[in-house]
Amino acid sequence: MTKKILVVDDEEDIRKSVSQILELNGYRVLTANDGDDCLLKVQEFKPDLILLDIMMPGMSVVELVERLKDIKIAFMSVVRISDARRRGLCTQDNIVDFFQKPFNVTDLIDRVELILKGYE
Amino acid sequence: MDEKNNKECFIFSKINRKLTLLFIIVGFVAPALAIYYFYYIAINSFTFAISQEQATLLGTIVIGMIVLIAIDTGFIGFLISKNISKPIKELCNATKELEKGNYDFRLDIKSYDEIGELSKSFNKTTSTLAKIEEQRLEIDRAKTEFLSITSHELRSPMTPMKAQLQMLKREYFGKLSKDQKKSLEIIIRNADRLDNIIADFLEISRIEAARLKFNFQETDIKHIIEETIEFMNGFAREKNIKLVTQIEKLPKIEVDSGRLSQVLRNLINNAIKFSEENSKIEIFAKTEKNYIFFSVKDYGCGLTSENQLRIFEPFYQVQNASRRKHGGTGLGLAICRGIVEAQNGKIWVESKSGKGSKFNFTIPLEPVRDIKPIKVLFSNRGKIERKIKEEFNIALGPLGENEFNELKNKNAIDKEDLEEYINFLIEKFIIPYDRGKDFKNRISKIFGFEKDLINMKQDYFSEDLGREGLN
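Residue numbers (my numbering), protein chains in the order written: chain C, 1 to 120; chain P, 1 to 471.
Next up, chain C with everything else stripped away, as it sits in the complex:
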């Protein structure tokens, strides 16, 4: 069964690019542009993985992650992982990876594949 990935980012070009990369590699992708949108889409889409931007307007990511405890989440961010840790992110078990923007396409695909394989 094709794996489903939800890409959450407030920037349209990033949403488009990431979903393009993933779709071309055989994943089913849906995008959301903020926290509320993400929660809504999680319910109907039931993704295997959420690629989540750390900095988005609206609902804070800490709050959003609190409410998504049983889906794997990988962060995408321009800030470094150490900065994210400092903000109290990255503490939950379901947070599986951290993509530093701008990411390498090959790296992104490889790591996503690894994450979803480990899920089986």
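None of these hints come from the bench; they were simulated from the model. One or more of the hints may lead you astray.
DEER-style ranges, computed between Cβ atoms [stated by the list, open to error]: (1) L40(C) <-> T245(P): 51 to 61 Å; (2) Q180(P) <-> L40(C): 36 to 46 Å; (3) E254(P) <-> E113(C): 29 to 39 Å; (4) R189(P) <-> S60(C): 29 to 39 Å; (5) R28(C) <-> S177(P): 24 to 34 Å; (6) T219(P) <-> E113(C): 29 to 39 Å.
Calculated lysine to aspartate or glutamate pairs in the EDC-like style (CA-CA distance at most 16 Å, straight line) [what the hints assert, rightly or not]: (7) K445(P) <-> E419(P); (8) K375(P) <-> D200(P); (9) K213(P) <-> D83(C); (10) K169(P) <-> D107(C); (11) K383(P) <-> E306(P); (12) K252(P) <-> E226(P).
Model, not experiment: these values are computed from the prediction. Glycine included, every Cβ here is placed at the ideal spot set by N, Cα and C.
Could you slot chain P onto chain C? The hints should help.
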């Protein structure tokens, strides 16, 4: 010296002494003359002769009066001068406080004369300075903030751009012709370069805002060096450069291995860039007192004294025919300096043009957890220039400023140029030999002092210089 003076001045300040002495002299001489004339006239106007006894008594009284008047005026003089010198002393102390950067200091002199006015205007000046200082700090914060925000904002569009470029390159959207591929390569290479600059900018903004994070762990330094060298060997091999290590026994210390490796990588990378093919690069490490001393030495083109001074400035690139081919962001060494200085270490360079360079840095055995902001964006070049200008004013008087500006316009105020200039002055008898020599010494001291500024540990290694020096 100052302290001693202060103690002495507790009762008698210099002004106090001078004025009191003046009063005593005046109080002694004026009545002495007056009384002597009075005595002389009196004696002569007596129609009868006075006895010897009476004359002695009269003389004693006269001398007594003179002495008493002198003491009296002396005492009054002391009180008056005290009255003047006390507020002056307070003003003097206040100026010293101001110099230290204490802008909260206020004078409390209540006299309705010029000194009172002076103290009032001093207070006003102080509060104005405090305001300016506050503004300066605000601008400084805004600058750091701006740098940080812009770097983040610049980095955001890089993400989709690089993603799309890579997809194109991987032919996700169909086959590419040879020319298209070539063009794409160029775009990707430059996008990467731009991204590196932005990433370095972010790093600088972290250093300036003391947001640089260190993740301390007890580590074997030798292991970090070896790992870094293994990583860099890949690049060194391209130019057939040998990386040689000479590591003495090092203790295990708490250090951020990532940061240390970052500094080493940067220095080795630079050394590779400026080395000829088939040469070698030497990496030393040893323990000294309470720090570990590292150095990376190459046998490349070396640095002129001007370049040595400015090499740690951001975006400063060595003026060299091959500079373009070296690439890089121009921020590497500034970042190294930031990282090392954030850990209270020192970083400096020793080099001779044409004979190679040796970059040294130290890290303390005890990690520094309280990170302080470090100004890496601005160099202390301005400070040096000001000092040189001062020396010009001292040596050449009112002409100094003009001469200095002229040299500066010719971009000739590095050490060698200045020495040449002073030699010229001496040869043409524009300034006497001794003064010229003194001038030269002071100038080289400024450059030496600059070295001390970045390289406080210099003295410890002067020995090594002899042994491992560049000759």
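How the hints compare with the structure:
Restraint check, L40(C) to T245(P): a C-beta distance of roughly 58 Å satisfies the suggested window 51 to 61 Å. About 41 Å separates the C-beta atoms of Q180(P) and L40(C), a value consistent with the hinted range of 36 to 46 Å. For E254(P) and E113(C), the Cβ-Cβ distance of about 37 Å falls inside the hinted range of 29 to 39 Å, so the restraint holds. The beta-carbon spacing between R189(P) and S60(C), approximately 38 Å, falls within the hinted interval of 29 to 39 Å.
Against the hinted window of 24 to 34 Å, the Cβ-Cβ separation of R28(C) and S177(P) comes to about 33 Å, which satisfies the hint. Between T219(P) and E113(C) the CB atoms are about 33 Å apart, so this pair conforms to the stated range of 29 to 39 Å. A C-alpha spacing of about 12 Å is found between K445(P) and E419(P), which places the hinted pair at or below 16 Å, so the restraint holds. Our distance criterion of 16 Å between C-alpha atoms is met by K375(P) and D200(P), whose separation comes to about 15 Å.
Between K213(P) and D83(C) the alpha-carbon distance is near 9 Å, which keeps this suggested pair within the 16 Å criterion. Between the alpha carbons of K169(P) and D107(C) the distance comes to roughly 15 Å, so the proposed pair stays at or under 16 Å and holds. The suggested pairing of K383(P) with E306(P) holds, with an alpha-carbon distance near 15 Å, which does not exceed 16 Å. Restraint check: the Cα-Cα separation between K252(P) and E226(P) comes to about 15 Å, which is no more than 16 Å; the hinted pair holds.
Going through the hint list in order, the structure satisfies each hint without exception.
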